[in-house]
Structure formats: structure tokens, C-alpha cells
Amino acid sequence: MSALSLKGITKAFGSMPVLKGIDMEIENGEFTVLVGPSGCGKSTLLNIIAGLEPATGGTVEIGGRIVNDVAPKDRNIAMVFQTYALYPSMTVRQNITFGLECRNVPKREREAAVTRVAALLQIESLLDRKPSQLSGGQRQRVAMGRALVRDPLLFLFDEPLSNLDAKLRVEMRMEIKQLHQRIRSTNVYVTHDQIEAMTMATRIAVMHQGEVQQFADPDTVYNRPANLFVARFMGAPPMNTLPARIETAAGGVRAVVGRGETAVALPLPAAFAAQAGREVVLGLRPECIAEEDRRFGHGGERVTLELPVEMTEPTGAETIVLARLGGERALARVSPDVRLRSGDRGRFVLDMRRACLFDPGTGALIA
Amino acid sequence: MPELLVIWGPLLLAAAHIVVFTAWTVWISFTASTLMPANEFVGLRNYSSVLATRNWKIAFDNLFVFGGGFVAFTMLTGLLLAILIDQRIRGENVLRSIFLYPMAVSFVVTGVVWSWLLNPGMGIQKLVNDFGWAGFRFDWIVDREMAIWTIVLAGVWQAAGFAMALLLAGLRSVEPDLIKAAQIDGAGPVRMYTRVILPTLWPIMVAVLVILLQMAITTFDLVRALTGGGPGIATQLPALVVYDFMFQRGQIGRGAAAAVLMFLILLGVLVPHALFKYARKRRAADA
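Going down the list, the sequences are from chains A and B.
Quick note on numbering that gives the first Met the number 0: the first sequence kicks off at 0 and runs consecutively.
Quick note on numbering that gives the first Met the number 0: the second sequence kicks off at 0 and runs consecutively.
Since the hints were derived computationally from the structure, they do not count as laboratory data.
C-beta atoms are modelled at their ideal positions from N, C-alpha and C, and glycine is treated no differently.
Treat each hint with caution, since some may be false.
Calculated lysine-lysine pairs in the DSS-like style (CA-CA distance at most 30 Å, straight line) [stated by the list, open to error]:
(1) A:Lys129 to A:Lys72
(2) A:Lys129 to B:Lys179
(3) B:Lys56 to B:Lys179
(4) A:Lys106 to B:Lys276
(5) B:Lys276 to A:Lys72
(6) A:Lys72 to A:Lys19
(7) A:Lys129 to B:Lys276
(8) B:Lys276 to A:Lys6
(9) B:Lys179 to A:Lys176
(10) A:Lys166 to B:Lys276
The following residues of chain B were derived to be distant from chain A, with all beta-carbon distances above 12 Å [unchecked claim]:
(11) Ile17
(12) Ala51
(13) Arg53
(14) Ala181
(15) Ile183
(16) Gly187
(17) Met191
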């Protein structure tokens, strides 16, 4: 039995379709992240799961029960909001127990539940304060305490870290992940931040224009993106996507980027031979283009190229280099020891085993 | 800086008027002025004689009945209307305008219309009697005990829409996530309002309360048009007492003393509110 099952969920505001048929099965204990740019429908989908907004079509099943007509409070869910949404007039303790109070849980049990949750989140010392006396991070903890206290089947998170500053965001990200690993909750987490998606999820659903573009584990989403949108959305800096032709030559299969004198032929693994003669979009992660003496893990064949450098962006841990590859712009991630300047010609090594090929018309992954 | 010049002129003029006339009234209240202003200082004599009159005592008692009743029922009615309109109903704009419209009507018009409606011989009582319920009595306006409540009724009718508009704006500014969170927590409609929404609304409620209180304290035209202070002097209010001394009896000194007393009552509301607002600001700045 899956914890959450969505079948053909559609939603339209007037004649504006927002969700165009979402199907998803989420197993118990999974940490699913819905990620996508603003306006992709991810928050609407979360509200539909919570029952805060009705779906135009389709069914929502939580714990094997169809809940389309069930009120949010009876869906056995809890939700954490971007704005924390703590009740300003209540103390932290009252905030946490309000849901239990509404369900007429006896006072003794409520107290026990608060004690348990406060210990779990280390907020014992804050219990008698008002939300206005708490910092952003503390408020978010209390909001999570309010969700945890009822021990629901499903936790919903609506961009809970967006209001925190960068440092706190990284800390809370780790805490939420650790918490999930400890209590094995089933989480559905909405974010527009692809790093949050990659770091926390057991499965990522990448959404765009009301559709799930890809629903897979982070590794697959990153290395085998289902289409060009996912390829360009996930990863910072994004995947290089270069128009190319697939040719077979004496030495094997090659992808030719660019035309005439600047054209560059890149040897591909033999498995790509089936695509010979096609026009494709070649997808190559920036980390697959590195300085010449880099060793890639698999020890396969190496392609070395001399490329003109247009610009460099040192980040400290690495340097992002904007280079010209067969006349197309391509990003490379090189070691910060390599001092390249705009206008230089640098020598790079390419890891073609991790190349992806996309159909230039539909954008879908072909190989 | 031309925009500074433009705003300062009228502002200074207005401020000067308020300060000068207030100061002048205070001075007159300590003099033996009767029909014309005189500068003979008599200390607190005017105050003691005003406070001793039955007129003032009744006006002062009425102020509590009327002020309390007017503010409480206006708030309750306004809140009820605001909550009902907040249910995302159809025709909201039309209803909002209708409820707000009495505020655009002069208190004098309200007073006259309600005096007709409440007149037992031609208003509501006659209508119900003519329908066949011959024993129906609704004659508060000519009843010494109940007449003050007719003023409350008309005042509430006029000001409830105003309270509604402010409270509705408050309800609409409640963070949507807060309501969603309470829905998921399982709060029913009553608990939703009493525990979650209304507690976030109390700064607005205090503001409405203060505005209504000062409206109540300075009420003049409504009573004047509705009951004229009667029957007898049963519905006197401080502003009517001031008018009575100054323009009916030619006792400017006593009238000024009554006006200053009214001003002190007003300060009794406004000063605590100002302190409250200041404290809130301080606390917000500290947090």
C-alpha cells in the first residue's frame, strides 16, 4: 500500500490549466521533493494533497483511502509552511498542542506529546515563549514540532526554508534530512531550490507547466535527465546542451559539434551507434569538462581538446570556465589551481561516458 | 522644497486654530463670562456649579450608558457583518457599500429618520399595530428610562458599517497560511475565529474602539435631531450641556467649563491609546 497515490490530478483556474494530469505513487518512508520554477503548479499540487484546494479532476489517495471529499483535518496529514504560520497569540506549547486540543485529546496526553516533540527538536527552553520572541530558525522548528506532534501518515512541506538566510537554510536542510532518517516519515516537500531537492530527496519530481517532467531518484534525475528542461533546471551551473550530429567513423561513434573549421568531433561510447546520422542535442554536465590532467573515475578513454576561454568565474572551491566548443558556449568546472584568463586557449579533458543525447524537436532523452 | 511649503501653511494654520481656541476655552472656563466673554478670574467656580447641576449629572451618566452601549453593539454588529461578508459571498461589493452607506449620511438625517420610525404614532409601532397586532408597544423614545437606548440604536445603525469595513480589512489581512494551518489542525469555524483569527485582529479592534469612543463622547447632532435631549432631559449628553449653557442660557463660562470637562474625558481615552501604541512600537522595535 502506498502512502500517497495521485491519479490523473488536474486543476484549472477558469480556463487556465495549472495541473495537466499528475500521476504519482509515493511509498511509505519516502522523501519526495516536488521541484520546479515558480508557477509550475507544485504548491497547488501540495494544497490539493492537503485538501486546502479542490482538484478539478482525478483522485487523491492517502494510506489507501480516497480522500477527495475528506476535510484537511481528517486526512491524517500535517503541513509546514514557508511563513511558519505559527498562531501569534499562543505560546509555543499552545501552538504545538492546538491540533490535539481541536481533536479533544486529554490534557495529560497533550503534555506528554509536547515533551516528546520538544526533546526531539531541542526546543524545550522555548515552550513558554510567544512566536514573536523567536528567531526564524526557532520558528521553523516550532512549526515542525506542530507537524510532528500528531504523528500523521504524511508530512507536507511548502518551501519551509525559503524565508531563512543562507547559512541557517543549510543547517535546517541537514536537520530535516536527519529527522527523516530517524523517524522514517513520509514527506512531500515543495521547493524551487534544486540543491534542496538533490540533497534531501529519495525521489524527485521535477515539475514544469503543470506536468511532471521526471519522477526518479536524485541520481537518475541528475545523470539521466528525462528531457532538456530537467537537464537545464537541475544542477548549478546547468548541463551544457549543444546541437550536434552523430556520425560513425573508422574509430567508432562521434558527436560533431559545430560546422566548418571550428567543428569538434567528440568520440562517444559504442552504445550510441544506433543514433548514427541523427541531429541531436548533446548534453554534458560542466564537471565532465575539466582541466587536462584530471582523472575521471572510470578510467575510460580520454578526449583532450584545446578550447578558447571566454570568461572565468572563480568560486573558491573550483573555477567555472565559459569556453567555446565547436562555436557553442560550454561551461567547464576546473580546479582553482588552473589559472586561465579570458582570451587564453586552455587544454581540457572531456568525460564523454556521461554524455546524454536529446531529441532536438521534442527535447526528450534518446540515449 | 515647494512640497514642504505647501503642506506647512495649512498645517500650521490648523494647529494654531486648535491650540488657540482650546487655550481660549480653557481660560474662559476660569472666568465670570456670561453672555459675553469677560476676563474676571473666578477659579474653579464654573466647574463646581456645572458639576452640581442635574443636567450635567444626567449627561455624565448617559455618557456611560450610551458610550458603553454604542461601542459594544457597534463592535459586535460590525464584527458579525465583517465575518459574514468574509465568507467569500456573492455580491460582496454591493453589500459592503450598503453597510457602509449610513456613514455617508449626516447624523442629523439619521436622527430625523429614526425619530419618525420610533415615533409610536407614525413609525414602527403604528405599522405593526395596523398589521393587526394591536397590543404591540415600541415607545422607547417617549420612555424616560429607555429613550437613551434609541440613541444607541440609531448610532449603531449608522456606525456599524464603518466598524465592519475596518474589521473586514483586518480579516482580509490575516495570513492565508495561518488559516490553512488551523484547518489542518482541525479547528472548526468557532475555534478558527476565537482562537486563531480574532486574536490577530486586536490592534485593529483597539483602533476601532478608540474611534468609536471619541465619536460617542462628542455625539451632539444625533441626539439633537432624534430626541432633542428629551423626554425632559433624559437623553442629555455632555455636548448638549455645553450647547445649552453657551447658547441657550448665555453662560459662556459654565459652557466652557463643561467643554473642558468633555475634553478631559476625551483625553482619558486618547492618552492611554497613544501610550499603548507607543509601547507596541517599542516592543516591535525591540523584537
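Are there hints from earlier that the structure breaks, and if so, what are their numbers?
Of the numbered hints, 3, 4, 5, 8, 10, 14, 15, 16, 17 do not hold.
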